[in-house]
Every structure is written in C-alpha cells, then in structure tokens.
Amino acid sequence: MKKNSYTPIVPELTKNAMTVLERRYLKRDKDGKVLETPGQMFRRVAETIAEADRKFSKKNGVSKLADEFYSMMTSLEFLPNSPTLMNAGRELGQLSACFVLPVGDSMEEIFDAVKYTALIHKSGGGTGFSFSRLRPANDVVMTTTGISSGPISFMRVFDVATETIKQGGTRRGANMGILHVDHPDIMNFIMCKADKKQLNNFNISVGLTEAFMKAVEKDENYELINPRDGQVSGTLNARKVFNRIVAQAWENGEPGIVFLDRINRDNPTPHVGKIESTNPCGEQPLLPYESCNLGSINLSRMVKDGTVNWDRLKKVVHLSVHFLDNVVEVNRYPLPQIAEMTLANRKIGLGVMGWADMLILLGIPYNSEEAIELAGKVMGFINQEGHAASLALAKTRGAFPNFKGSIYDRKGESPVRNATVTTIAPTGTISIIANASSGVEPLFAVSYVRQVMDNDILVEVHPYFEAIAKQRGFYTPALMQQIAEQGTLHDIDEVPEDLRNVFVTAHDISPEVHIRMQSAFQKFTDNAVSKTVNFANDASIQDVAQVYELAYKLDCKGVTIYRDGSRDQQVLSKGKKEEQVLPESLDREKTTIKRERPKVLKGWTYQMQTGCGPLYITINEDSTGLFELFTTMGKAGGCAASQSEAIGRMVSLAWRSGVQARQVIRQLQGISCHSPSGFGENKILSCADAVAKAIQSHLAANGGKVQEKRAFLKGACPECGGIVEHEGGCVVCHICGYSECA
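Quick note on numbering that gives the first Met the number 0: the sequence shown kicks off at 0 and runs consecutively.
Don't read these hints as lab results, they were simulated from the structure. Fair warning: there could be bad hints in the mix.
Claimed, not checked - Pairwise CB distance ranges (calculated):
hint : residue 1 : residue 2 : range
1    : 539       : 228       : 40 to 46 Å
2    : 331       : 622       : 33 to 39 Å
3    : 105       : 406       : 39 to 45 Å
4    : 536       : 311       : 39 to 45 Å
5    : 216       : 622       : 40 to 46 Å
6    : 159       : 90        : 24 to 30 Å
7    : 105       : 541       : 40 to 46 Å
To be verified - With a cut-off of at most 20 Å between alpha-carbon atoms, the simulated EDC-like pairs for lysine to aspartate or glutamate come out as follows:
hint : residue 1 : residue 2
8    : 54        : 67
9    : 14        : 30
10   : 552       : 368
11   : 195       : 216
12   : 32        : 108
13   : 195       : 620
Yeah, the Cβ is synthetic: ideal placement off N, Cα and C, and Gly gets one too.
Taking the hints into account, I'd like the entire structure generated from these sequences.
Next up, the structure:
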C-alpha cells in the first residue's frame, strides 16, 4: 500500500443521502407519504433501464443485466442523472437532464421556445438557449414598422416562465443564456445581471471565438454583426469587451465564458448543425432540440489497496455506457423534435464524481503535479474504454443514425453507437447520495457547522478525515469545531503535516491549479467539464483576467469563476471589504444593491395571544422574499407595545439586509417574560417569542421557501440552513440536496 494512502469506507447511505432521497427521489402517494425504500428505487430504475435490451437481443438476459445495474448503483459505483433516478419506471418517464432549444428571430419562434421550455421544466429538465439569432434592441421590425426590444427583454420572458413552473415538486427550473460576442447588444448582455434582481433563473455566458481572443491579445477592434441581415453594424475594442466580462465576473461570478469555436471544432455531427449553446451548468454543448443523458462513476469506489483499481473501473465504464445507451432508448421525450434529434445522435455523457476523495485515498494532494498527471490518466482511460464500449454496442445495435458524415466517418473510424460518450457534470445531489465529493471539484470543507431546527449545533466532518483522525489519535470535538470555524487545516498544528497537505479545500488551491485540473480532464472529455474556479475575496480583477487567459491557452471549453463573498452582503470575517481600485483599462460601472420598498406588498397577519393581550403580527413580502414585519397590540400604549414595535423594526431591517428568517427565529424564540400565556404547544413566553412563532407559522404555511432566493445569495440553504457550494455555475446544498439549478 502506498504511503499516506487510506482504506475506503464501506458503501452505505448516509443520513444526508437518506434526507435527499426522501425529499426528492422516492415515490410518494398523493398525500406525500413515501412509498418506496432506496433499494426499491434502485431496483425500479435498474429494471426499467435493462428492459431496453429486449429490443436488441432475443436472449433472455434482461434479468441478469438488471441485477448488474442494481449492484452498480447500490454499491454507489455509478449513479445516473437525477431525472433518471426520479422518473424511470414511473408515469412521467422523462429521464434527461439537459436540453437545448432554438430561439428564432420571430415572435412565433420565440414564444414556441417559451412553451417548450415550460414543458421541459415541468418534466424535470434544464434548458440552454442561444439568443444570438435575435435582432438587437431598437432594430427595425418590418412587419410592424416598429422597433425590436432585443434579446435581453425576451430573456426576461423566459425567466418569468421558469419562475412560474414548478417541476413536479422535485426540481427547480434552470436556464443557460448565451450571446455571441459579436452581437450588437453584447455589452448590455454582459451587465444584464449586475443588479442581482433580474434573470435569477439564468446562468449567462458570453460565446467567444478564436478571432475575438486574437483581437484581445492584439488590443484590436472587432466587428459587430446584426443577425437580422448579417451586416456589420459597428465595432468594439476586443480588450475593452474582455475587460468588462472579467470585471463583471469578479463582481458577482457572471457572465461565464464559452469558447464556441472549440466546441464546434469537436462537434461530432457538423453536417447536422452548429452548436450554439450548452445546458445550464455549461458542460454539455448540444444542437438545437438535442438532449443528453448523464451519469457519473464514483472514483472513490475505484481505489483498492492504495492504488487505482483499473480492472473494476473498466468494467464499470462498460456497464455504465450500456446503461446510458439504454436510457436513450427507453426515455419518454417531452417533444417529438427532441426525440428525433436525440435518437439520431444518441449522445451520452459519462463523467465522474469523487475525484477529490480518490486523491485522498491515494495520499495525493489535489494541488500537486502528481494529481494533475493522474487526472489525465484516469479520464483518458475512461474515455478510451467508454468509446470501446460504444463501439461494441454499435456492432450489435448499429451506429447512431447520423454517423454518416460525422467526424468519425470522415476520419474513417469504425461506427460507434453514441456521437459523444463523456461529459463531466457537477453531480450536485447525486454526489450526496453517493457520499462522494462533487464532480472533479476539490473538497469544499473538511469540517463545517450545521445548525438544526432545535437550535442544536452539529459539527459535520469529512468521513475520511474523521476516521483517520480517530485512527491516529488526534480527534477531539473541539478540534473539529476549530477546523469548521477556520475553514481550512492550514496553521492547525494539531493536524499532522501530511494530512494538512492531502486534505486541501477549494480555497487552499490556487486558481491556476483549478484551471490546470480542468484542462487535464478536458483533454480526454468529448463534451465539456463543469468546474468552478474559486477565488479568495481579496482576489483582484487582474487575477480573474489571468485565469480566463490561461483557460484559453490550455484549451478549455469554458470557464466559471466564483470569488468568495461576491454574492454576499454580510460583513466578511477577514474584516471590512476594501473597494477595488480599477485601472483605467478595467473601468466599469459601479453597482450597488439597495432593496427599496415597493409601493405595494402582499402580507399576512397572525394573531398571537400574549400575557399582555393579543398581538397582531403582519408579515409582508416583496418579489424576493420576506421584507418587513409590523406589530400591533390589542390594547394601545404601554411597554409591551413599544418593545413589540422595536422588535418589528429590527426584524424588518434584518430581512432587508438579507438575514434569513430562521436566523431571526433562533434569536427571538424562547425569550421569556414575567407574563407568559397559554399551555403546551400554544404557550407564548413573551412578545419576542410570539414574533418568532408567527414567523414559524408563516414559513410552514409557505413551504419554508419565502426567502429562497436571498438565502442563496447569502450562502445558506433555505431548507436546512447548511452551507451552500458554488460549483459549475450552480449553487448546491450538500446536506439536504437543495439546488438552484436543474
């Protein structure tokens, strides 16, 4: 066994995994009662997906194949994307996570796309769009002799539609919006999410080209093209546009960038069409009306005796490709156009999760040359064996219908079953089920604090670290608490140096290493790699620019960055946030966030019986969530009335400043005075306690989601209060599985 390597933990479903499964995946009756166990869910999925084999073989091997699929999932070696786990073997039967829809330059085409988006979101999928075909704002509209409103205005229509659709109560709608860098509205697009109040159901990325990046390097102008007629409508300085993208990404993480020429360089079916957009997290470029089915191998299960278990990895790769090709076959697609395009190309996306865990088990630091070298070796192996598996399937099932004219056909290669085989997705909730690190990301934290509803504080520790700490005799609850508060093992002398090196977290790793790791995986991935480059809060705009430029040089297909605290408004632990002084070349519009009171708010009033008489508590909301709280005592005047009014003002201020409702409840609940009221569950200890209980009642009546959006901006999960992670352009809670993306 290699030095500093560790034995994997036996697979079992953790408490967090059970929470996620019960909330989002297991079948329920009309009253919400869970009807199946996790084992029954895996059996349902395995049998449904195995049934596709009946179409291609007269041999009765479906039952055996179902057992193999079941074993692979229950051992947590592989899991498909969430819609497959949720919907396989159920009435809906929609198994895809990723879709791209075309948005044409006419009112009919635009609103057809809105309708199709609603149907996809209802079925549990996420959607990507390119708005580059839409004529710019203030352009001529010949049919009405009017002027166009431009792509950004129509993006708002899609955003409102997404907000309205509830995806079967299990998944939120999510969109990717891409605009080509040569579109005349590009500068407005770059800034369209600057105020953080608009397009909250969109990730946005700018589609960059090789010509644009060369113009950036030379500090030259480039042409803007009106998509209505293909004519040049002006020019911009490429360096200034690039700097604006960088400055805005530094500000709040968006827009990301997508290298469209590189994506189309690797487009397997250029004769069918040009790729314009990706799925919401950016890892799956797709043609219009195309979908893709994803699944991930848990690399933490591919370690044996301190080395990579290549034999088992090969078997799992082949079985996973078989599984995903079957998904394409049994899937019930939400639109006939999507069924036609998907079945013609049969794209699948086999990726990985547990990469950081694998490195820990091998004793290799994430931020080491050895790790980057191993990334290429592991992904190269998976890609090679994945294509071998697709080749084998093609011999018995036939090549994908669009094979003739594809890049494989042009190169004279043997027919394959799937136009693409590999994709690296962020894995989000399925990594919670597998108890694995997400995608190819480093650990988010070794230890973190979780507050639960009864006000208890729990310290959750990475299972490998906890086991090793106990094994080597330095585990103490106080130390785990210290690690959680500090967020890193650096400068904690109680932890041996070899472990401090191996258990590195996202913010221990330089942005350069993040990009180099992404590039190492991208080299052996058909589609793209979902990866977030983490920056410390004090990172400069120039730091972000250097990462974007490095991503271009290292042949990445896109970049998503997140600077710590850039979407938060709380006081940072490192002290007062200093304003960045920008060089003239990076000058940008300064944006401030001010949550002002609308003229009209909706509200609810709750009557609470206190020892001083009835207290009427009114809770008002704006479009974002809880906004203000007023109190009125049943009898005027007195100390109780004035104190209640003061509490209401402070609660209102807290909410407008982004404080979560549950944080307010924790501060007020249980405060007692000399005159309590009621008994048992109805007992009110004080006016402060009454306010807390009224807020609790309001949350319960609204499903606990009235502060959903602002909770994510604050970095706390609105369902469980846990820490949320920024990964692949999405925000995910790794405790309960809550996600702002599909």
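Hint check results:
no.: 1; hint: 539 - 228: 40 to 46 Å; result: holds, 41 Å
no.: 2; hint: 331 - 622: 33 to 39 Å; result: holds, 35 Å
no.: 3; hint: 105 - 406: 39 to 45 Å; result: violated, 32 Å
no.: 4; hint: 536 - 311: 39 to 45 Å; result: holds, 42 Å
no.: 5; hint: 216 - 622: 40 to 46 Å; result: holds, 43 Å
no.: 6; hint: 159 - 90: 24 to 30 Å; result: holds, 28 Å
no.: 7; hint: 105 - 541: 40 to 46 Å; result: holds, 43 Å
no.: 8; hint: 54 - 67; result: holds, 18 Å
no.: 9; hint: 14 - 30; result: violated, 24 Å
no.: 10; hint: 552 - 368; result: holds, 18 Å
no.: 11; hint: 195 - 216; result: violated, 31 Å
no.: 12; hint: 32 - 108; result: violated, 41 Å
no.: 13; hint: 195 - 620; result: holds, 18 Å
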